[in-house]
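J.: Take the given structure of chain C and dock chains B and P to it, following the hints.
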Amino acid sequence: MKQTEVLVVRLYLNEGKAQLEKLLKTLHDQEKVKGVSVFRGIAGFGDSGEIHTSKFIDLGMELPLVVEFFDSPGKVTSIIEHIDKTIKPGHMLSWSAFVNESE
Amino acid sequence: MKQTEVLVVRLYLNEGKAQLEKLLKTLHDQEKVKGVSVFRGIAGFGDSGEIHTSKFIDLGMELPLVVEFFDSPGKVTSIIEHIDKTIKPGHMLSWSAFVNESE
Amino acid sequence: MKQTEVLVVRLYLNEGKAQLEKLLKTLHDQEKVKGVSVFRGIAGFGDSGEIHTSKFIDLGMELPLVVEFFDSPGKVTSIIEHIDKTIKPGHMLSWSAFVNESE
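Chains as they are written, first to last, in my numbering: chain C, 2 to 104; chain B, 2 to 104; chain P, 2 to 104.
Just chain C, same shape as in the assembly (with noise of 0.2 Å):
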């Protein structure tokens, strides 16, 4: 089996469905990312200081969007480049592991 290196990248979304929507829009049409997965979290808190528990799990607001995809480190660093202006500083993570080799 080869595994080939890449870079993963979570970014936290708090700006709602039209912030991911745009987002998810140019990483397939123009960035050309192979997959991406959006989760929602079911409780948080973030900019606002405020914990988002039961109540707000109960109400399905607020909550937080995560959008995760990969790439060699090459691709992902450029797209981080090209994305860093719409996302706030400290809402993008980035690390290093392996996938199992495309054909």
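None of these hints come from the bench; they were simulated from the model. Not one of these hints is a red herring.
No distinction is drawn between identical chains; accordingly, a pair holds when it is met within one copy or between any pair of copies.
Quick list of in silico lysine-lysine cross-link-like pairs, DSS-like style, CA-CA up to 25 Å: (1) Lys33 to Lys89; (2) Lys3 to Lys23; (3) Lys35 to Lys86; (4) Lys35 to Lys76.
These numbers were taken from a predicted model, which means no experiment stands behind them.
T.: Below, chains B and P alone, put in the same frame as chain C:
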């Protein structure tokens, strides 16, 4: 674009909503973590050894809760030491990553 | 507090519930992984190239499934080799992390 090293933490909880709310309160009020996201799995297995699949998905029972946050390595090391007693062995992951820099 | 090195694995599935249940059974019965968590995304795009956004969120269709587990580097390397044939190329990530030690 500047990037800063952080430690990412993922905590796997299994004692339900009370443990979650207490942990969020600690991370927010005492540890002053800037942001925390909580995710609920749709299936899994853990200490009980039972696989929780579609039946449990439908019932929404006993599903994994994951708490995720990141901060500077020094701050996270200190937080991990503080909360270690409240997290089961083998249930608290951490790894190095980079984040787009906070202003 | 003691920490032990582990390899974390994230698998991105796209063949629905049957693939998930088979994989969970393998990880549990044959590979004896201590714990596994499964997450469902709310949006994404992958091999099909189609973006699945709000329309798909509403329908709950074809959304990403992620299986996550971690264990000692040796055990995970062996598991990755065993299951590699059942996971599409480019769909199995792994990286190093530390875990609070199991008793």
